[in-house]
Amino acid sequence: MLRVPRGCCLQQEHIMSKVVDGEMPRLLRDEVKKSRWPARLDLAQSFSGLALGLFMWTHLILVSSILISKDAMMKLTYFMEASFLKPEEPGGYPLLVSATAIAVFLLFIAHAGLAMRKFPATWKQHRVFRAQMAMMKHSDTNQWYTQVVTGFIMFFLGSVHLYIMASQPDNIGPYASADRMWSGHMWPLYLVLLFAVELHGAIGMYRLAIKWGVFDGDDPRRTRRRLKTVKTLITVFFLALGLASFAAYVKIGIEHAPHAGERYQLGSEP
Amino acid sequence: MSSPRKLKLNVLRYDPRKEGDEPRMVTYELDEAPSMTIFIALNEIRRKQDSSLKFDFVCRAGICGSCGMVINGRPDLACRTLTSQFEDGEITLLPLPAFELIGDLSVDTGKFMRAMSERVESWIHDEEAERRELTVLEEPMDPDTADRIYELDRCIECGCCISACGTARMRPAFLGAAGFMRVARFEADPRDKRTAEGWYDLLGDDDGIFGCMSLMGCEDHCPKDLPHQNRIAYMRRKLVQSR
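Residue numbers (the numbering used here), protein chains in the order written: chain A, 1103 to 1372; chain B, 202 to 444.
Fair warning: there could be bad hints in the mix.
Straight-line Cα separation of at most 30 angstroms, DSS-like style, residue types lysine-lysine; simulated pairs [claimed, not checked]: (1) B:K249 <-> B:K219; (2) A:K1330 <-> B:K439; (3) A:K1135 <-> B:K439; (4) B:K425 <-> A:K1333.
Honestly, the hints are just simulated from the structure, not real lab data.
Take these sequences, add in the hints, and give me the full structure.
Structure (structure tokens):
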């Protein structure tokens, strides 16, 4: 049986004329049959968020190699530039960094566009949601708002970082990155971005698991309690790792400020 | 014997039908009795202090869903909330938001639930039903299936899930957890022949299942502990896969 969705503005006569004209299949697809797009957009929002979340956790682990040594960070940078394809000289193909940054940027824009659909669209909606938060003091409700705020912050700060990575892919290394942070005055941006990314990412991953019920098992409530604990632990771990790495880069940046712009040479670490 | 504890109830008073009336908080003080519920306390106030106080109740046993209200920020049933759980003895009562206010703590959940029921076509859909011989006994139902339907059919339409949902508060067209639970009940019923595509026609948009932002207010505030989180996730997975 053909079901016309509620609120459909088509007149029956109009439909019948289309049937007579033999246009029904197109009409069915475009207007009468309920659109598949809400499902696709919901799925796309979840997958793009999952991909970005996993990327950011991996990214921070790679960045934190500075905590081991400058050599470790430099070697990892070269490895990520596929230096193994060019064994005769140090370094790889920075173009790969550009390509990755552009791909992540596109995914980031797509995710932002999809997630924006859920933002409060009017002042009234915003006021009602804030009133709900104040009334309920309910952690999952409050954390959604944290995601809105951190997402909004990332629109701007994340874009700056991604553009720099795409346009200056060879500016990565113990000195190059530290100089960018300190002598390039980028450290306030990275500090805010660190908190925004880690809070947004961990809450987002938790919400993804709840939303799709992927780990529900026999006792979804117990699973949710465990997921909350895991989310908190992950947030604390990555914030601690991020702050330690941030401090290490700032320290190197301050020490290296008189020689800003000079690149690190493998094995030159005292 | 020690004297009973004094309770302080701050109640929102407002009658939208009374011209010139303004919303205001009124504080009532009364002696706490053993095993006193908010419902009993409100009755005491109405009987001894203010007969004009409006609030709803029918069953007094957490079955009818009439006495839903916001108790110290949490949507809950007045008849199932003991006053003893509030250590400082101060309790603030507000009407459930997201519903039409009748007056004071009384809201019209009926209008909302009726519309929800019609929206999700809350009845068995079976095209064969009309041709069925009525003198022949129905096929027996598998007890596990019957249990599963019963579990999902325990919703008392109190409205706590809707008031606890930030999405429903922000977007009044959003179906809400009571609607999803009703869908889950019929989806579990083998007598209902609706397909995933049929459910998609009813729920497959941002006012339906894809509008849920998983804020979990419903899951955490349902007085009947219905499995909202699990069933909403299930319907979302099912509808995403439907063609």
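Verification of the hints:
Of the supplied pair hints, the one linking K249 of chain B and K219 of chain B holds, its CA atoms being roughly 23 angstroms apart against a limit of 30 angstroms. A hinted pair counts as satisfied when its Cα atoms are at most 30 angstroms apart, and K1330 of chain A with K439 of chain B qualifies at roughly 25 angstroms. Under the criterion of a C-alpha separation no larger than 30 angstroms, the hint pairing K1135 of chain A with K439 of chain B is consistent with the structure, at around 18 angstroms. The suggested pairing of K425 of chain B with K1333 of chain A holds, with an alpha-carbon distance near 27 angstroms, which does not exceed 30 angstroms.
Of the numbered hints stated above, none is contradicted by the structure.
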